[in-house]
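K.L.:
Make a model of the complete structure from these sequences and hints.
Given next are the chains, with one letter for each unit.
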Amino acid sequence: MHIVGLTWNCGKDPMTTENTTPTISNGLTIEPEPGINRVSGKPDPFASIGLRSRHMPTKRHFGALGPLEKIYLFWFVGASCDGCTIALTAATKPSAEDLMAGTVPGLPRVEVVHTVVSVESGAEWVNNMVMAENGELDAPFVICWEGSVMDETKSGTGYWMGLGEDPDTGRTVTSLEWLTRLAPKAAAVIAVGTCATWGGIPAAEGNVTGAMGTMDYLGKDFRSAFGVPVVNIPGCSPIGDNITETAAAVLLFLQGLAPLPEFDELGRPAWLFGETVHRHCPRAGYYEEGVFAEEYGDKECLVELGCWGPVVQCNIVERGNINGHGGCMQMGGICIGCTMPSFPDKFSPFYATPPGSALSTNTSRVVGGFIRRMRQVTMSDKNRSPRWDEEAPSGWARHKSEPMVANRITTKFYKAYQDSRKSFK
Amino acid sequence: MCFKNLPIEFDSEGRARLREGVGDPYGLNDGDRRRSYTKVAVLERDPVQEGPRVRDWMIDPVTRVAGALAVHTKLDLEKREAVEGHSMAMLFRGYELILQGRDPRDAIDISSRACGVCGGVHSTVSSLAIEQAFGITPPPMGTIVRNLGEVAEMLYDHPLHLGLLAGPDYSSALVEVTNPELVVEARRTPAPNAATHGYQTIGDIMDAMNPLTGEYYVEALGITRLGREMCQLMYGKYPHPSTLVPGGVMTTLSTSTFNEFYNRLMKYVDYSKKLVGIWDDVIDFFLDQNPDYARVGDRPINLIQTGIWDQPEVYDGTYENASAWGDARWSTPGIIINGELLTTRLHDINMGIEEFVEHSFYEDYATDENMKFPQDSLGNPLSPYHAWNKQTIPKPTGRNFKEKYSWSTAPRWDRMTLETGTYGRMWTTALAQKHPTNDFYEATGDGIRILMPEATLPETEMFWKVPGRLNALERNRGRAYATAWTTAVGLGILLQAFDYWRRGETKTHTKFTIPKDERLGAGFWEAGRGYLTHHLHMDKGKLVNYQINTPSTWNASPRDPFGGLGPYEEAIIGTPILESVGDDDVKGIDVLRSIRSFDPCMPCTTHIDTGKGVITRELNSCSCTLD
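So the sequence lines, in the order shown, correspond to chains A and B.
Count along the first sequence from 1, add 22, and you get the number used in the numbering used here.
Count along the second sequence from 1, add 45, and you get the number used in the numbering used here.
Relax, there's no trap hidden among the hints.
Simulated coverage check for chain B against chain A, where a stretch passes if three residues somewhere in it have a Cβ under 8 angstroms from a Cβ of chain A:
| id | stretch |
| --- | --- |
| 1 | 105 to 111 |
| 2 | 136 to 146 |
| 3 | 149 to 161 |
| 4 | 261 to 269 |
| 5 | 438 to 449 |
| 6 | 547 to 555 |
Calculated from the structure, these hints are not laboratory results.
Beta carbons: idealized from backbone N, C-alpha and C, even for Gly.
P.N.:
See the structure below:
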């Protein structure tokens, strides 16, 4: 497998004429002042291991494809399970690795500062944030926040979530403090996943950490440096492509290539969360015909087993979860409402029939049941070639099958209808 | 005799009981029963004797691990080794408090969110714990679907760690900085397995491991997606499955399900041959260049595993038969002490587990009032520190290495520090030789023989030999072989699935009602990185207590009340500094290699909370965050 277009792993970028920082054989550049933390001026043992991706020479983009060549992404976590990070690495359109490598023409290269992918550790990793706060980065930065925001005033003299030490004092800095310090300076703050958007499970009843969503914490008046309120991509975990597609849509707008994508009144990408699960569910047809799964593993509509699909806004049935594959209802699982602001408490207990569904499912049983029988008659007719007249010559049929009376009648009427239309051709 | 430190003995019929005449069987101060610690001597060094060339380093955060981990170490530049280690879990969320009082079925979906990296194993183990409490047995196909989902999850997990998290530490980009001479040598060293993986020299492999740009790095990311797609065929969605329920699964199966699974699994037949070749070549090269690499991350061979992949004919979900169905698993549970297999019985494992909070941000919970279950349902004695008795009161305070410094608790078995991991389950399986007979792998007592069928690459027989020591390189090598082994297990289970499908046994679920009386349940399963248990106590149809214990809680644990170190801490101490650069340029990469070789996964390590939830509301001296 070879990545076409990666020019920097063969020495230096041929399109870059100036190259002042020392490079090692594969083209990654090393820290100009090894051993010194550029912010504190103190010796920093991990400084020169900082083969940070941001020191890779930037590939030159065609001017016509926009002014931004590079953008930093600071991915922080609060009360998180890292599931959204894992979801991000499942994205394919575009993929995280393509965004990071800058191999999608028109999209800036995304320099990711994330504990799971970063090369550097400890103080040198923290230095990234200090540089961002001081405005020392050479490109704008975006914050992706994963996990709930925990109320650190409730953590006594300790912390719920520590993330690095202050370079000057050695004090443990909470991840929330980084969010607080960096958010106003970020081009955008994107809350990824249901914990980050609405609070999610860490904010459910019984929690002691005071967990909440990013929007709740930053407040409705919050605007990023580019004037954007918090963007919300819910889901537990979200579909990876929902994350990268939203990011790509915003970046294409910033490049002047595409319109500003539409967001709904809760800051959700409107084109992703505008429809209910049920409207595109592969099992919705069973609902229409009044057939419902009675046992786990049945192939029919899952509403009576506890599925909330008819009222939940999510696109997993259209998009699939990874690479177009998987998803809840597709594979047999119920919708537990994991994209919704009231998840999990207003959907719990998950495996009980939603209380409002009895009226609609029973209506469907009566009306849909009649329609289903009518359709069976038509299906049986359509399964018969006109050449077969009386009987299908199939070796697979167990019994001799003859058209039902109803079939003969409908066939006759439909034939007459077709004949009447022919004169207009 | 299974237990050395806890006063548990067995009668002639093999029933466990507390030895008579021991006043306080689970007391923390009984000097006679203190374990001996291999590395404790190092810790008792007088700090005054530390020369000026001891460098104190706080690595916060440790990157290329899942979740929030910090490590404190001291590097003695005179002796050229690390002489101190503190492992710190940095995050607390309070999941079990949220679970209290809920419908037990909700635990599956809520506890799943304890970890998104091990995104399916928590749902599975939760289903096991609940069905044990409910007293139901899944039909064979339900068990098989769980097994196949777990196979797929491991096939995403191991390549992810090797390619994206551990791999860069052995890439030419990083080694160039710490040991440039190794890269020079690597470029002129032919790769022994070149015919399998296609890289002519070790240098080529190390280039391929370069973060973001390397061919192997990028390929690894793609292959993890394939594993996750397979996982979704069985679990619905990944991470956080949507089809796992007590009594089996609610997956809707069809011929397409198995076809799509089969065709993806076959990709791993070749990929695992390549993976083993790549890692064998790199690891052998490092050891050839400098045998001291065997000291990196070295610690005693003390392991605990809970086993995975049930045999549908044997698994009945009950606690009473846990040791029987545990032994029948494709991956055998077990405890290994100093390289010797001590037991494979899940009952022995369960009764020896304790969780200590002496150095964790919690208040002690082992009071008489909280001691609800002095015995399990079979009469085996349980500690007041056992999960069924555990009540945790979080108490975040300032960090102090002499007192409290981590959100992780310190789980111990028979009061000993045990490690768990991917390689650990191969270790127990290899030594126990109890796995089901199949065409694709065989435990030989000193290793596991794996047969990978012909695909694009020819049929290959691999042999993972039980290593003589437990160090960073062997952990990574084990993980590469485990990818092949898991593929072999997957092939075996898939044939089993076809067999049941052929017989028309396609039912995946057993119906149940939620019992209203008092019940206990325990799930034993494994995550990618090993050991995983959920313990629950329910009454009147609601959860009273829910406890999660994860592999990285074991591995990342801080010190215990007896002065014993956690596995990361043991591994760091004594790790040599093998960098060829001057003192001022030492990066401590071997310390990081040690930690990463465990495949740390912190999200689920630190969810732990239950009980009264008494929070101390002191004024935060650095509450600038919320002003």
